[in-house]
Every structure is written in structure tokens, then in C-alpha cells.
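2 protein chains.
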Amino acid sequence: MSATPPLKNDRFIRALLRQPVDRTPVWIMRQAGRYLPEYRAIREQAGDFMTLCSTPDLACEVTLQPLRRFDLDAAILFSDILTIPDAMGLGLYFEEGEGPKFKYPVQSAADIAKLAAPDPHDELSYVIDAVSLIRKELNGDVPLIGFSGSPWTLATYMVEGGSSKTFSKIKALLFEDPKSAHQLLSVLADSVASYLNAQIAAGAQAVMIFDSWGGALSTPHYKEFSLFYMQQIVDQLTREVDGVKIPVTLFTKGGGLWLKDIAATDCDAVGLDWSVDIGLAREQIGDKVALQGNMDPAVMGTTPEAIQTEATRILASYGHGSGHVFNLGHGITPNINPENVKALVDCVHEESAKYHL
Amino acid sequence: MSATPPLKNDRFIRALLRQPVDRTPVWIMRQAGRYLPEYRAIREQAGDFMTLCSTPDLACEVTLQPLRRFDLDAAILFSDILTIPDAMGLGLYFEEGEGPKFKYPVQSAADIAKLAAPDPHDELSYVIDAVSLIRKELNGDVPLIGFSGSPWTLATYMVEGGSSKTFSKIKALLFEDPKSAHQLLSVLADSVASYLNAQIAAGAQAVMIFDSWGGALSTPHYKEFSLFYMQQIVDQLTREVDGVKIPVTLFTKGGGLWLKDIAATDCDAVGLDWSVDIGLAREQIGDKVALQGNMDPAVMGTTPEAIQTEATRILASYGHGSGHVFNLGHGITPNINPENVKALVDCVHEESAKYHL
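So the sequence lines, in the order shown, correspond to chains S and Y.
Residues in the first sequence are numbered from 1 upward in steps of one, following the working numbering.
Residues in the second sequence are numbered from 1 upward in steps of one, following the working numbering.
Be aware that a few hints might be false.
Put simply, identical chains are the same to the list, so a pair is met inside one copy or across any two.
[Stated by the list, open to error] Straight-line C-alpha distance at most 27 Å; calculated BS3-like pairs for lysine-lysine:
1. K136 - K342
2. K165 - K101
3. K288 - K136
4. K354 - K103
5. K223 - K260
6. K165 - K342
Hints listed in this document are in silico derivations from the structure and should not be mistaken for laboratory results.
Chain S with its partners taken away, still in its complex shape:
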């Protein structure tokens, strides 16, 4: 990447590394998404969601859309968390209003034994190409985040065949055949590590692992079946390219009880959902990691005034100094007025200045 320009705005990377910044950086989970009319236009043109993900030009375009509107401090690769199981041959598809599904879910120990880590430069080359293209198009304006689902989260979809409320199938596997569960999670951890390393080699300047469903587990199961495999990935990741650090963020939604355990993986930052008090979280783990979050996404559906009040409260709760990347505690929902996103981003920059004097 020596030919690429240096970062014009490196607040996001610096905050993840807990280095001094002038303002608290802000980006928004699912910032490229359905709340933007220009996204809906491209999505309609593409026909289906997977075409959008698997066509680098389109993935690049929707990644850049929110940056043209808002003063965001990072771009995030537009993709889906389920690209890895799809590349393993499970046949990812989307039914309108139903969430993701797999044509060939994992139904037995024999199914698990057949799984192999996909080659990121073969079955997943469309993602790696998108990363290269986006990095080039960003032209150093802001850093590019690469990402993956966590092994546990990927496994839930693979075994349940789609979204689930009770996770009864995957949990039955944990309780009845933990050995097969470990086999599944192990191949997923290797897959995620090589996938994220390929994204880093292609230009991702930070990576994030989304453990959307870790919070559905008991404490011992979380440690054994989710966190253990995120640790395996952290251990395998490229943490520096040409002398430049590549920070890694772990985010377990509903993981507020396990912040110390997550921070102990040697990740650079921990994502917080909105249930967590960010000030208390900083007391617990702020000497080890940066914190990313943690506004309730429901605020985005209200007024600019309510958004400003809540953002101001969270900035004050974190307090003085670097180490905070402002974000929502979960993805932005489709029904949001883009003007409210502008209100949030501008408020974070304005209100945070005093915490970085």
C-alpha cells in the first residue's frame, strides 16, 4: 500500500489506539444502508442485496454514499456478515422482509466435517476486490474498516438456517455434542482470520468482528464457544502493515457482563451496546482498550434536540481524553431521517472538542 496517500483524517485510528485526538471520531454501524434514498436507488437497480455485495463497483459506491453527506471519520466496507458460510457452499439467500437464510444449513456432524475454510482470494475475491477499490477511491480521506461476523454468530445462522429467537438447534449442539460445535467454530475462526487478513492486505486500515449473538449465551458458554474463537482470530491477525498499526475491535452485542474478558484478548477496542454505562466500562477496561459506542439506535428516530442531548450525555460519561469512538450501540434502522444523522455527527464533533483540550 506504499503508493496510497497518507490519511487526511486519522482520528478514528488514533482513538482506537488511545492516542490524542482533536475531536471524538464518529461513524455509524450500517451507515451505508436503507435510511439513505441514494442507497435504496442503487439497491433497486442491483435487483437483490447479494448482487450489491458481490459487485465491487456497487459495494464501493454504497460504501462512499454516507461520506458524501456526513462528516464521518471512517468508512466501512459494504458487505454482509454471512459471506463466509456462503463461500462454504451453504447458499445464502434473502427473502424480502425475512432476513438471511441458507439453502443448505448445517444439520449434522457429517455436515460439519465437510466444511473447509474458504480461500479469500477465490470464493471471496469479490469482497477483497471491493476493499481494494474502496481504499483507492477513498484517496486517504478517512480510514477503511474491514469486518467479519464472529465464529459463534456465523455458526448460529449456519445451524439454525437463518435468524432465530431461541437458538434451539445450535444450543442443542453445544449441550449435546460440544466436540462437533468446537469443530465447526474452529474452522470458522480460521476462515475469519484469513478473510480479515486478506482484507487488511487489500487495504483495510482497521478491522471489526461483529458477535451479534454472543449475548444469547450463558457466561461459561460465551467464554467457551464465542470469546475463545475471537481470541483465536485476534492471535492470528496482521496487526501492523508497513509500520502502521491495524487496530482490531471486538463487539459482542449483549456482552456487557464480559467486558473484562473481551478486553483481555489483546484487542485494541471493545464495542459497547447501549445497555452498558460507558463511564463504568471505561473504569473497568479503559486502561487496556478503546471503547466504541454506545447510543441507543432508537434515539435516531426522534428529534435533533433529543439526539444532541443523548450524544452529549454519552460524551460526558466517557469524559476527558482519547480512547472513545462514538457510534450507536447497534446498526441504524431503515426508518431514520438522514438529517438526524447529520445532527448526530456534527454534535459529536462540536461537543467533544472540550474533552480533548
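Position chain Y relative to chain S; hints supplied.
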């Protein structure tokens, strides 16, 4: 209640009061429910769910059904958490497979201003009559638990008009018009207090408040809009009848971050969902309150062996001495084999003996 016989099995009450017991008591949230064929038969006969709730003879019968099969240490009133808003005139109804709905949801500050606490002996007399009848029919075998939804949880259904994933309407109320939200929660707290006190007067020997959706809130919102109103109720409850204590249990699903705050309300026991490590919870608050929980309900869909392993782990995690009421971390689901419930109940009694020597 002086004419009623003394309790033959008082393990449950004693454990809630942290008095010595011979075995860890066990009951199961939704123990009277669809996993029992005899329940499904009565439910079909009744025609609809609300007829079952509002006919004391039928509510009594289904309350007693699981006690005939399993060696449970408590009975819980068969009812719905939404009886109070229904009695307020919101028109509760159930659509097959869709969860509860209200015909007349709360849509404005004017709607809130019109709400009044229902008289438990008028609009809710069917519940109070069921409590009296069940208490009589139990004949002192085991104690009877009365219950209510928490003000916050009731408010979510009343404002959303039914179940919700994002709680966007009720949360908009909290952020945009907190004064009206407080007015709504205040009338609900008074309603729940008089409702539970009427259940206690009619024979309930312990009461529990289900805060099913407190975990959807940020920490400051949880304290301001959910816990504050449970505190108001605890302060108003009848805590003793004829010299006999009436223990009160508070259960916030997803409330693991706030255990110390919940225990500080002066409740007798705190319910734990399965994400919480019960051993750590005991270290945190076990000197103040008893703990109820906390097995992952998903285990019930597996094998008797897996159930025994997990129940044994939880008993060991709590450790020696009284103050633990075994339960699931959430209600039992409809797809469970009743034999698995027997395996759980018997295992808890057998395996726990050594912790009470």
C-alpha cells in the same frame, strides 16, 4: 387466611428469605403451559387464551396441572402479564402465533392522561377470585406465587400496541416527552401495587414482578423508567400477613448489569436470566437477597443427561447454603418433552442435598 392449613412444603419461601432448607427449591417459569398435553386440552376446550385466564375454575385447573406431574416447590397463578392494561380499557387480544395485541394502544399524552389505576376487586376480580380458589385447592401443599408485569414492561406493550423488537414508539416517548412517560409509569406502578396487594390479601404467599423488557434500556433509562417504578411498588407492598413474610422477587430479563441496583430496592430476591454467572451474582448481592434462576431454557430441549449436567453446574456455581431458588432464566418453551421437566426437578432436589448439610 387463618383458616388455611400451614404449608407442608415451605422450601421456596424459606429460600427466598435465606433461611436454611433441606434441598434447593425449584419451580419453572411458565410451568403451566403449552408443553403439557393436559394444558393444551383445556386451552382448546376454553376456545381462547383470555377465557382461560378470566375463568377462575380453568385458571385454577391449569395452575395445578404441573404440580400433579412434578415435585415442584411452588405454584404460580396462571394469568397474563397484560391484565392491568386490559382492565384499563386497552382491549387485550391474541392473534394465533402473533403474541398479545391491544385494540386501543396509548398514542398520545391525552391517552395517558385518561388512564386510571383499575380496582383489583372490580375489573380484575377474576384474577383475585382465581388466587383465592387456587390457594384453597392447593391445601397448603406448596406456596402460591402471585405476579405482575413491571410498569416499564406493561408500558412497552401499551404504547407499541403489542410486542416489539426495537421499542421505537415507547422509546421516542422517553426521549421526547419524558414527563408523559413518567405519568404513564406512575399510574402503572400504583396499579401494580394495588393489584399485587389484592393478590396477597386473597392468598398469594409470595409475589414476583416480571420486567421482561428492562434489558432493552440504557443504564440511565433503566434506572429512571424501569427500576424507579419497581421501587415504588416494593415500597407499597404488603410484606407480611398474620406475622408471615410475603417475599417479593424482581426479575429484569437482560438486567445482569444492574444487579446491585435491583438488590438495593429492599426486595427479597432477584431473578437472573441465563447470561449471568450465578456464582458471581451471589458474590455481588448474595448478602442482601436470594437469587432465582438461572438455567438456559434451551437446555430443556435436549436430553435428560445434558439437563442434569447443566443443573449440577448451576447448583455448584451457587454453592453451599440457602438463598437459591432454582428456575430457568426465562419461560419454558412449548416444544419441550415433559419428561425433561421431571428430570430437571428431580435432579435439582437430589444434587442440591449436599449443599444444605
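Hints and how they fare:
no. : hint        : in the structure
1   : K136 - K342 : within (25 Å within a copy, 63 Å between copies)
2   : K165 - K101 : both (14 Å within a copy, 19 Å between copies)
3   : K288 - K136 : neither (32 Å within a copy, 59 Å between copies)
4   : K354 - K103 : neither (52 Å within a copy, 49 Å between copies)
5   : K223 - K260 : both (12 Å within a copy, 23 Å between copies)
6   : K165 - K342 : between (33 Å within a copy, 25 Å between copies)
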